[in-house]
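A.B. asks: Each chain sits in its own coordinate frame; assemble them with the hints.
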Amino acid sequence: MTQTDKTVNMEQITGAEALMKSLLNEGVETLFGYPGGAIMPVYDALYDYRDRLNHILVRHEQGAVHAAQGYARVSGKVGCALVTSGPGATNTITGVADAMIDSTPMVVICGQVGAAMLGTDAFQEVDVVNVTNPISKWSYQIRRAEDVAWAVSRAFYIARSGRPGPVVLDFAKNAQTALVDYQPQKVDYIRSYQPKPAINQEAIEQAAYLINHSDRPLLLAGQGIELGNAHNELLALVEKADIPVGCTLLGLSDLPSDHRLNKGMLGMHGNLGPNVQTNQCDLLIAVGMRFDDRVTGNLATYAKQAKIIHFDIDPSEFNKNVKVDVAVLGDCKQTLAAVTEKVHQIRHTEWVNSFEKYEKEEDEKVIERAIHPKDGPLLMAEVIRRVSEATNNEAILVTDVGQNQMFGCRYFKFTKAHSVVTSGGCGTMGFGLPAAVGATFGAPDRTVCLFVGDGGLQMTIQELGTIMEQHSPVKIILLNNNYLGNVRQWQAMFFRHRYSFTPMLNPDYELISRAYDIPAATVTERDKLDEAIQTMLTTEGPYLLQCAVKEEDNILPMTPPGADVDKMILEINDN
Amino acid sequence: MNQNDCNACGKCKDMEEKNTELCENLYTILIYSENTPGLLSQISAIFTRRQVNIETINVCASSTPGVHKYTVTCCCTRSMAEMLTKQIEKRIDVLQSNYYTDDEIFIIETSLLKISTPVMLADSRVSSAIRNHGARIVEVNPTYATAEKTGTTADILSLYNALNQTGAVLQFVRSGRICITKSTSERLDEYLAQREKERAQPEANK
Numbered sequence: 005m006t007q008t009d010k011t012v013n014m015e016q017i018t019g020a021e022a023l024m025k026s027l028l029n030e031g032v033e034t035l036f037g038y039p040g041g042a043i044m045p046v047y048d049a050l051y052d053y054r055d056r057l058n059h060i061l062v063r064h065e066q067g068a069v070h071a072a073q074g075y076a077r078v079s080g081k082v083g084c085a086l087v088t089s090g091p092g093a094t095n096t097i098t099g100v101a102d103a104m105i106d107s108t109p110m111v112v113i114c115g116q117v118g119a120a121m122l123g124t125d126a127f128q129e130v131d132v133v134n135v136t137n138p139i140s141k142w143s144y145q146i147r148r149a150e151d152v153a154w155a156v157s158r159a160f161y162i163a164r165s166g167r168p169g170p171v172v173l174d175f176a177k178n179a180q181t182a183l184v185d186y187q188p189q190k191v192d193y194i195r196s197y198q199p200k201p202a203i204n205q206e207a208i209e210q211a212a213y214l215i216n217h218s219d220r221p222l223l224l225a226g227q228g229i230e231l232g233n234a235h236n237e238l239l240a241l242v243e244k245a246d247i248p249v250g251c252t253l254l255g256l257s258d259l260p261s262d263h264r265l266n267k268g269m270l271g272m273h274g275n276l277g278p279n280v281q282t283n284q285c286d287l288l289i290a291v292g293m294r295f296d297d298r299v300t301g302n303l304a305t306y307a308k309q310a311k312i313i314h315f316d317i318d319p320s321e322f323n324k325n326v327k328v329d330v331a332v333l334g335d336c337k338q339t340l341a342a343v344t345e346k347v348h349q350i351r352h353t354e355w356v357n358s359f360e361k362y363e364k365e366e367d368e369k370v371i372e373r374a375i376h377p378k379d380g381p382l383l384m385a386e387v388i389r390r391v392s393e394a395t396n397n398e399a400i401l402v403t404d405v406g407q408n409q410m411f412g413c414r415y416f417k418f419t420k421a422h423s424v425v426t427s428g429g430c431g432t433m434g435f436g437l438p439a440a441v442g443a444t445f446g447a448p449d450r451t452v453c454l455f456v457g458d459g460g461l462q463m464t465i466q467e468l469g470t471i472m473e474q475h476s477p478v479k480i481i482l483l484n485n486n487y488l489g490n491v492r493q494w495q496a497m498f499f500r501h502r503y504s505f506t507p508m509l510n511p512d513y514e515l516i517s518r519a520y521d522i523p524a525a526t527v528t529e530r531d532k533l534d535e536a537i538q539t540m541l542t543t544e545g546p547y548l549l550q551c552a553v554k555e556e557d558n559i560l561p562m563t564p565p566g567a568d569v570d571k572m573i574l575e576i577n578d579n
Numbered sequence: 003m004n005q006n007d008c009n010a011c012g013k014c015k016d017m018e019e020k021n022t023e024l025c026e027n028l029y030t031i032l033i034y035s036e037n038t039p040g041l042l043s044q045i046s047a048i049f050t051r052r053q054v055n056i057e058t059i060n061v062c063a064s065s066t067p068g069v070h071k072y073t074v075t076c077c078c079t080r081s082m083a084e085m086l087t088k089q090i091e092k093r094i095d096v097l098q099s100n101y102y103t104d105d106e107i108f109i110i111e112t113s114l115l116k117i118s119t120p121v122m123l124a125d126s127r128v129s130s131a132i133r134n135h136g137a138r139i140v141e142v143n144p145t146y147a148t149a150e151k152t153g154t155t156a157d158i159l160s161l162y163n164a165l166n167q168t169g170a171v172l173q174f175v176r177s178g179r180i181c182i183t184k185s186t187s188e189r190l191d192e193y194l195a196q197r198e199k200e201r202a203q204p205e206a207n208k
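Protein sequences appear in the order of chains A and B.
Position in the first sequence counted from 1, then plus 4, gives you the numbering used here.
Position in the second sequence counted from 1, then plus 2, gives you the numbering used here.
Just chain B, same shape as in the assembly (with noise of 0.2 Å):
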């Protein structure tokens, strides 16, 4: 894993040796749960628990019907990211927790941006920072105008401070990552048919 992998805390960026146990890694925390209220605050009780920061968070239904999944991004050794997921999937109504670094997963995250419309026309850094940066304007008006980048945190980041230097900036907005795993298998699906083979044996229940 190199440097370039921890975008969010930069907390090992001055460390010379990567994966050891006492370097700080970005790792995304994929949590597939039942649909009950109150699951939110259980997760993120583990991660206050830990003394864990959580960097990004994204809840929504997941293509299997009546599961909800979390991804969480979160800085921290790989013991810590270990165990938080089993932490995690110790809840009740949790039926998966697994970590992985992004060289494991597809990412993707969205970001919107406020641009003065008058720094706009008067600096052509701002219009040249979006073309390079293959921003796509969503609307102008004579006040301001608004720009969509979607890509990875390290790209999204990078237009910003373009466009910060010049002053443009009204208003910004990032979204929590999303992901799916680069595996060939599903765990959850996996998991999903080995629960139902053993709900036909109610006694491995007991």
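Next up, chain A with everything else stripped away, as it sits in the complex (with noise of 0.2 Å):
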């Protein structure tokens, strides 16, 4: 840009109206927010711009941060939460970790006082910055006009470049009413920052090798897939070397669920053949994901037989929990390509045949009585299984935490990319309700499904206001077991049967969702379910089907905690 056009360009604004424009030049459309006093500069600049920025009034800054996480998770796009200082900057603490843990690209702006009372202990005045510091990618605090458009921009650059994370500005309120020469600014060179690393020319040939000479490989595939858009270059590897498939609860959608080489889900709760199997293989390769304990379960004897290349854009993941052979840093979208020219096209018919007997017995002994009960009460299992196929399997899948979230991603089934919307890493109870009214604002055209229980939907329960204003449409399904129903399962199973403060006591959520002007209804009975179901999927906008579940059901397999990956208890014996 030459000095003439910065000129012609300049125009005195507000620090807050800056931020507006900022905005629009990062491409934000849809925010989240709740107005309060250290931000009113900012909300009173954002009334004159409503027709181009949709500022979604949530009704708790925590559902600000998980709504903006809903939506950059379907969308790809940085999500977007505006709060207040103090409490309101507090409130959004959760969603950040949350966001951090589980790489979610978003912009958390909240209100400060003014420079000059920093550090005076002013009303509703926080340590935004120190506090969030650890459980961000980048937190900065805008104390003038003048740096906003450089730091808005740098912001939704870090947010959303390399591994992507949550960042919080923290602006101060003089900042928000100074007046300032405004210039667009596009930040997208950090000298400190590298997020796409360059490839490895060796570590690639060293991955084609081993895969090349393995007879057994069995490939993870993290939410890292789904980040990158690497999903056809994934598909382009496996299908051309043959080579079966895990997904990490996040990278559930990284490969369509009927694929002859998807072979479940990992973890505490996934399917036992990518479990066992991983205890079987001679090459482990971890896409984009971390090596979580709630997938490795006991380091100690965790795929010791195997050679492990791990594909990362984050190298601080190399040999963090487990020690790997290879490492291939960079974008998978790039380095799955280059391995997968350098493999060879080979068929392991005897090796991929080889799940049938876990999927087998666990269909057996686990799947089948828990999506075809014959009597008894509802099961949570089979009314996430006919939701999901009453959409085609086309919908996206929100959960909250708990068994309903272990539950939904074993038995929802997926076949579009960017249909996972749960909190991993966290394990955040209450992102549910948030994050599925952000889905549907991040995906409008497509259906969004949310299994909650009774426990999580009461934490965020006041975001149904949310959705009755936007007319949000959020199904939600709410599986009502009247207990904390994944503690009381480890109560029962670890401590016991002593159910320490986990039944609850309900209200009657149908009475409370049309309280809210949300349509209800509430199934009991089996050979209601598909057309309660359907009633609620054809309901043009947000409809609540409540559905009764067995009180105490148990997810299952389980690997306890810290037990070997291989060690899946298929059963278990309720006395």
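The hints are simulated quantities; they were obtained by calculation from the structure and are not laboratory data.
One or more of the hints may lead you astray.
A short list of chain A residues far from chain B (calculated; beta carbon distances all over 12 Å) [what the hints assert, rightly or not]: (1) GLU15; (2) PHE127; (3) ALA342; (4) GLY431; (5) GLU514; (6) TYR520; (7) ILE576.
Okay, derived cross-link-like pairs now, DSS-like style, lysine-lysine, Cα gap no bigger than 30 Å in a straight line [what the hints assert, rightly or not]: (8) LYS311/A - LYS346/A; (9) LYS308/A - LYS88/B; (10) LYS88/B - LYS324/A; (11) LYS327/A - LYS244/A; (12) LYS81/A - LYS88/B; (13) LYS190/A - LYS71/B; (14) LYS190/A - LYS199/B; (15) LYS81/A - LYS420/A; (16) LYS92/B - LYS337/A; (17) LYS92/B - LYS308/A; (18) LYS71/B - LYS200/A; (19) LYS324/A - LYS184/B; (20) LYS200/A - LYS199/B; (21) LYS554/A - LYS378/A; (22) LYS324/A - LYS92/B; (23) LYS92/B - LYS81/A; (24) LYS327/A - LYS88/B; (25) LYS88/B - LYS200/A; (26) LYS200/A - LYS92/B.
No residue lacks a Cβ here, since even glycine has one placed at the ideal position from N, Cα and C.
C.D. replies: The following block contains the structure:
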């Protein structure tokens, strides 16, 4: 840009309006927020930008961040939340931590007291930058209106590039009201930050060599594939080299559920085949995943027999939990493609078929009785599978946390990418409802199905107000078992059935839903389930379907915490 | 690496095998960062989270304008040192972070000792210890003398222990270590040159 251009483009506006223009420059269309004292100048500026920036008024700041996460996860764009200082900012902390551990691109902008009052314990002053530094990718305080354009552009660049994550901008009130000669900025280079490391050809060669010399390869597909839009590259590699795949919780829609090489979910409540075969394979290829303890179980016995290749864009993930033989640093869209070029077209028929016996065993002992029970109360698994099928397995799955999450991820099926929204690393109860609201804005053309328990729903139930106001078409399937089900299961298994504060007395959720003008129904009988699901899906806008499910159901199989990955429990003797 | 390399914590003094996965050693982590406020707390938080105690820390401007240098020592395993450096380097404004063993760097520390003048005059071991350790007296008055000793941690502690036996030490302070690498290449300069080259190809950063 020439000096003349700069002069022409300059205009004097407030820092708050500079924020509006900067958000538009970053392509922001939707933001989730809640006003308050220290962010009022921004909201005043927003009033004039309502036609360009769609602000969704949530009912609690935690809802704003989770909604921004849901939006980001299904759209691939950066989610944006706008809140006030002090409690407004601290209410976003759970969402910031959640987005950090789940690598979700998000920018949280919170108001702050004026720079002159910083450090004086002023009204609604909290040291947000220091609070959020350890749980965010970058946290920065804007103290001058002159810094707005630069800071916002830098924030979005950091949030979306490399391994994505949350960025917090702490916006001092004086910087919101001061006038500035605004000039748009575009940050796409920070010398201390390398979001896209160069590909190491030697690592590519070594990875290809190990794959070409493997008889029993197993690929672990993580969220990195979704984040890197590397679905086609993954498919090309596994089909060319005939590699069975296990998906992590956040990587479930990396590959269509019914693909012949998709062997199911990894982890504590994952499928038997990929877990057991982790300790049978001769080569483990981890892509965009971080060997979380819920996936590995006992590290001392984890895949000790196998060579391990790890593809990741974040070098700090290598050798963090599991020592690897080859670390392939870089964007997996590029590294997977580079390796695929060098691998041989091969078939591992016997190895791929060896998963069948585990599938059969799990089908017989777990799946069949979970999705096709002959009598007794409704089961979570059957509800989830029927909802999935009723959407042709094309819907977006949003879950809360607990049994609803594990059943949801096990029994929902996927045919499209970017279809899983769940709190993986943080395990945040209350995540589901606001995240589902965000997902409806991030993917307005898709059906969004939220599975939530009676515990988690009440943690952020106020967001029914947002759904009412926005008429967000969230299909809420409330799996009501009158328990904090997952904790109850652990109490049964590991604490001698001492149900310490897990039974819950519940309100009438149908009445609550209707109070928010959201149509609702309750289903208790199996033969009414399909009809109830159809009514929910064909009703325009939001809907709450309460399913009265078995109170003491258990999510199985299960690798007990700290146990070997291949020692899954398939059945529990309730006595 | 021999046992004496670990001067600060001594955790591994009873271990027969050194440099194994479980063996803790003293590592010096050199960090270069942009000169932005708040980075020290970000870096120290990484040590806290991994439950590694910082033995010494020194922060100052580096020879590269606008770049700050942190010299941190800690006792940990090699794999922990590697993890710490990677997690430190992940902070947006950190340019580089590397870990070194003592044989890979030139190290210096300094110390000041406030010594009781009456004890020094009464006990000849005091002046002999100062002479034998090559310490320098920078001030003497009837109440106290101030000695300055620069060297390795072991040199400094040896002087301190010798003087302390006499009961002469009124105050003692030891600086964090500072060091420069023995490497013939300058990693930071190479990194900055590489980044400058990449700046010309902005697509690579997206």
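A.B. asks: Going back to the hint list, which numbers does this structure go against?
C.D. replies: none
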